[in-house]
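Trainee: Given the structure of chain H, go ahead and fit chains A and R onto it with the hints provided.
Chains as they are written, first to last, in full-length UniProt numbering: chain H, 1 to 281; chain A, 1 to 264; chain R, 1 to 352.
Mixed in with the good hints there might be a few duds.
[Claimed, not checked] The following label-pair restraints were derived from C-beta to C-beta distances: (1) T160/H / R112/A: 30 to 36 Å; (2) T160/H / R154/A: 34 to 40 Å; (3) P5/R / P171/A: 22 to 28 Å; (4) L16/A / T129/R: 31 to 37 Å; (5) T79/A / D15/R: 15 to 21 Å; (6) S140/R / A15/A: 56 to 62 Å; (7) D148/H / T79/A: 46 to 52 Å; (8) G127/R / V95/A: 53 to 59 Å; (9) G127/R / V6/A: 57 to 63 Å; (10) G80/A / D15/R: 17 to 23 Å.
Rather than coming from a laboratory, the hints here were simulated on the basis of the structure. For each residue, glycine too, the CB sits at the ideal point set by N, CA and C.
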Amino acid sequence: MTSYAVRSRTSYAVRSRTAVVAAAVVAATAALVLAGCGTSSGTPEPLGTEGGSQPTEARTLTVFAAASLQKPFEQIGRAFEGSHPGVTVKFSFGGSSGLVAQLSEGAPADVLATANEQTMAKAVADDLVKGTPTPFASNTLQIVVPADNPARISSLADLTRSGTKVVLCAPAVPCGSASAAVEKAAGVDLTPVSEEQSVTDVLGKVRSGEADAGLVYVTDVAGAGDEVTGIDFPEAASAVNTYPIATLRDAADASLADEFVEAVTGTQGLETLADAGFTAP
Amino acid sequence: MTTTLVPRWLLVPAALGTLFVGLPIVAMALSVDWSSFGSLVTTEASTDALLLSLRTAAVSTLLCLILGIPLAVVLARATGTAATLLRSLVLVPLVIPPVVGGIALLQAFGRRGLLGSTLDVLGLQVAFSTTAVVIAQTFVAMPFLVLSLEGALRTAGTRYEDVSATLGAGPTTTFRRVTIPLALPGLISGSILAFARCLGEFGATITFAGSLQGTTRTLPLEIYLQREGDPRAAVALSLVLVAVAVLVIGLTRARRDSLAGGAP
Amino acid sequence: MTGEPHALHVDLTVDDRDVALDLTVGQGETVALLGPNGAGKSTVLGAVAGLLRPDRGSIRLGDRALFDAATRTWVPPHERRIALLAQDARLFPHLSALDNVAFGPRSQGTPRRDATTVATRWLEEVGMTAYARRRPRELSGGQAQKVAIARALATEPAVLLVDEPLSALDVESAPDVRDLLRRVTHDRTTLVVTHDVLDAALLADRVAVLHAGRVVEEGETSRVLSRPTSDFGARFAGLNLVRGVASDGDLRMPDGRLLHGIAETALDDGAPAAAVVAPSAVSVHLDTPHGSPRNSLNATVTDLEPHGQLVRVRTDLLSADITPPAVADLGLARGSRVVLSVKATEVHLHPA
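For reference, chain H alone in the conformation it holds in the complex:
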């Protein structure tokens, strides 16, 4: 009897200690989750009902899009929210490859728009996409120089002059592979002083005057302000970049996602994109 009581007390003590540990783990996890809540996009709550949307219901649409699409997409998103009461469109802008990597890791999203077809192809290969992606815009490269153009650049060939500091995107990122394609087609061999991570980094180096010139997309120059100037060059035509968009397989509300894709590829969407410097695919 006594021994039973002792054993019982011991096991209680052990259990209570375990409980404390468990509680602490739960508390810590909860703290992390709560801290994360503010930034992570919420999963759309109700499943879409067959035969169209119910305008009164509060729904969230999550769109993963290439960083270069930020300005026109935010505009399209606002218009979409206006025509779909109760719907909130959340964007996550970033490098296309990074976005696809996040989706592969299970990030919840409804729509994906990438800056080139290779990256979208990867998403398709990973079975992330529902149906066939639609090309909706294209973008060409432009030479970007500081506003005062200190190296007097006017053509792609000028970039090969010795002493000219040229900055490109690294070949691993879409703008870099486009640059490589242009070089190949034009038969020039650029020796960049730096191969940057993103268009933003290339623009930064040119804007600060550290570099004499860089290659970025027309749309990037358009959004970069007065400190830089874009110079068109004929060889850019050999590397036109096509932007595809697609509804994702794991979309919580596939029909709403499809509607967003239609909004982008529709007349108004294309107009908005054209305003930002994109051309039709």
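Mentor: This is chains A and R only, laid out in the frame that chain H set:
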């Protein structure tokens, strides 16, 4: 086993803390594609990045020592408002984001920066050069050395320096034969911290120096770039960076312990 | 000027420590600066060594000014040829005993080999040859202090400053180190600061008593310790000092009572005078004793404290040293009314 009593409940958060730091590292090690690990980390781009990182971190640490030791001595022995202000200034790189540090460096040493034209006249082009990487690393790492050494110097005090002076040793001899040897443990741990910080430097480098294989693309930059191209390579290289950091810290610590065994 | 190149002349004021004194240590002489903790002794040593700068005055070594506020002269410590022995040995922890001793000569440019020779000789001089290779943390307090003495002397200093050299040592090693100090300070210009009268008695030719940053008494060691003229001198010497005026070869105390004694020099009637009485010469009674010694004085006990094997009975007049059984027999406590008696031959009168 020490007999010092630690409240038992402390072990729970301590274990959680260990998990918090250790789990990501373990997870990373687990996610490495070991069959291709060798080929991933021995590509030309990877070895170039690793060697560049080691080389620049070593030079930057040396630069931190050359500039940081005198600074620490001045800070440790000076008093007054000017010293307080100077101390705050020296610690700025520690508290600002590295990217901001990179922007600041651009304003100072960039082509269109404060010293840009002067450097140009001298035939020095910092932008996009390995020198820029070293400048960025030195900028962010020096506070670690200065802080650690200043602490050691303050703890040591001036008692032994006074004795040295009354024995006829001039200030330079005292500095060389008394001040530095007595602060050696602090100097070594400061150097380790500075070297590790140099090795991990990313933000200021990418902002100020650019990214070109073999010239400015250090291991952290290569890892970040590989995330876009080949995520498996990014994970493998990350593990290499962790291994190098652990190795450096372990080796210097062992060396320091043997030193500490020789002199208290 | 003085013809004594190693004579030390100190005349300084340090305002924030409230120290102002004028002191000379003749060439080859050892002077003890005697004072309680906080009297400003270490400030004086710091100023002479060059570790702190006085506000006014001057410090000279022979004809050479080490510091002179008037001419803004300031010789840095490493150029003064003044060695300082601190309370703790302060051996450099990263150097062996031998390298500690060789540090001074090496710093002054002596080649390593010669410096080692000098250091070896000094270690031998202090009897520490066997410990030459030891690190400071492997030495006892006494051993470390001996190495510190060797280290100070290896620089061939013109003046040796000694700051409470025995205060940090245990009772076993203190006599040993004191003997060594006595040997090495002989014929060497030395300024010792101490609160221990034994250090002063054994080491010093002259004593200066420091109180609140001022020298209140100065003289030959034997004179100050046996015939102090100041209250602080008497306190250090462990003697009673009673002030009054000379009256027909005796001392009239402020309360009007007479203290009979022996004047060593003729005293002018009415002139200020003082009497020195050893506590051991004073006996304590409850009633006026028979046989009536010349001095029987009523007093009140103010305190009782152990003093070696005896008990020091402090009263409002004189202190007396008596045995513990005597204290018990008399039933003494604070406030006890007693009669003190002392032979006139034990009362030394001198002008004050």
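Trainee: Take the hints in turn and mark each one as holding or not.
Mentor: Do the hints match the structure? See the list:
1. T160/H / R112/A: 30 to 36 Å: violated (24 Å)
2. T160/H / R154/A: 34 to 40 Å: Since T160/H and R154/A have Cβ atoms about 57 Å apart, the given range 34 to 40 Å is violated.
3. P5/R / P171/A: 22 to 28 Å: holds (26 Å)
4. L16/A / T129/R: 31 to 37 Å: violated (59 Å)
5. T79/A / D15/R: 15 to 21 Å: holds (19 Å)
6. S140/R / A15/A: 56 to 62 Å: violated (45 Å)
7. D148/H / T79/A: 46 to 52 Å: holds (49 Å)
8. G127/R / V95/A: 53 to 59 Å: The hint (53 to 59 Å, Cβ to Cβ) holds, given that G127/R and V95/A are roughly 57 Å apart.
9. G127/R / V6/A: 57 to 63 Å: violated (48 Å)
10. G80/A / D15/R: 17 to 23 Å: holds (19 Å)
When the structure is compared with the earlier hints, violations turn up for hints 1, 2, 4, 6 and 9 and for no others.
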